[in-house]
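*Asks:* Now for the letters of each chain:
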Amino acid sequence: MEVLYFAWVRDRVGTAREQVDPPESVSTVGELARWLASRSNGHAAAFRDCELLRAAVNQEHVPFGHPVAAGDEVAFFPPMTGG
Amino acid sequence: MIRVQGVDFEPGAEIDRLLRGRTAVGGVASFIGIVRDDLHGPALRAMTLEHYPGMTERMLAAIEQEANRRWRLSASLIIHRYGRMVPGDRIVLVVTAAPHRQEALESCQFLIDWLKTKAPFWKREETEEGEHWVEAQVRDDVAAAKWQTEPSAN
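These protein sequences, in sequence, are chains Z and F.
Position one of the first sequence corresponds to residue 14 (my numbering), numbered consecutively onward.
Position one of the second sequence corresponds to residue 28 (my numbering), numbered consecutively onward.
There could be a bad hint or two in this list.
Computed far set for chain F versus chain Z, every beta-carbon distance over 12 Å [as the list claims (entries may be wrong)]: (1) Ser57; (2) His78; (3) Arg85; (4) Ala89; (5) Arg108; (6) Gln164; (7) Val165.
Which residues of chain Z face chain F? A partial, calculated answer using Cβ under 10 Å [claimed, not checked]: (8) Met14; (9) Ala20; (10) Asp24; (11) Thr28; (12) Glu44; (13) Arg47; (14) Arg52; (15) Cys63; (16) His74; (17) Ala88; (18) Pro92.
None of these hints come from the bench; they were simulated from the model.
Note that the structure is a prediction, hence the values are computed from the model and not measured.
Glycine included, every Cβ here is placed at the ideal spot set by N, Cα and C.
Make a model of the complete structure from these sequences and hints.
*Replies:* Below is the structure:
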């Protein structure tokens, strides 16, 4: 599974993308976020308050209850500020 | 038509190109977003727009498709820049052309309102006091939410 980070989420995690292989118990975006938070202090800082985050699976906006599976591209980022 | 690019665009030339040969167009609406130096905060030196390549194009295309589903449009165009820009620089162009003004004006506002909350762009500001990520505004969510109800058919 490939995980991408953008804006201040990337700044805190310290990398823009990483390949991860979460345990089978991780089946949703929210569970993935909790699992990722345990990987480093930077991850913990990025995922401290998931209310501040948005997620996409395979480049579609999804809620944190959305399923994730091996091979997915999952992205975490703050609310968007384009335009 | 959508375009995501680092370089500037020329609005007049873009509109001319979009309308070429389209004689059924009765009105064109456009919106140009510009890097603003907010008079109330520390002076803005520059702004960098980050985006999610791939998803950005998908979302802009989906938003444009939704506008064409809701309104009878002759043509539409969204250009959004990324990278570093300074106050006064153009960031985004939305153009809608339709047989009548109402479709053009409404769909243009819809596109920029939805784009702001759905297209994966993030602004980072460089001010004389340092750098920071711009926070999303509640008023942008409110502006986008008012389009949840579709315009009545006429």
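*Asks:* For every hint, state whether the structure bears it out.
*Replies:* Now for the hints, and whether the structure bears them out:
no.	hint	result
1	Ser57	14 Å, holds
2	His78	7 Å, violated
3	Arg85	5 Å, violated
4	Ala89	9 Å, violated
5	Arg108	10 Å, violated
6	Gln164	8 Å, violated
7	Val165	10 Å, violated
8	Met14	16 Å, violated
9	Ala20	4 Å, holds
10	Asp24	8 Å, holds
11	Thr28	15 Å, violated
12	Glu44	22 Å, violated
13	Arg47	23 Å, violated
14	Arg52	21 Å, violated
15	Cys63	15 Å, violated
16	His74	7 Å, holds
17	Ala88	6 Å, holds
18	Pro92	4 Å, holds
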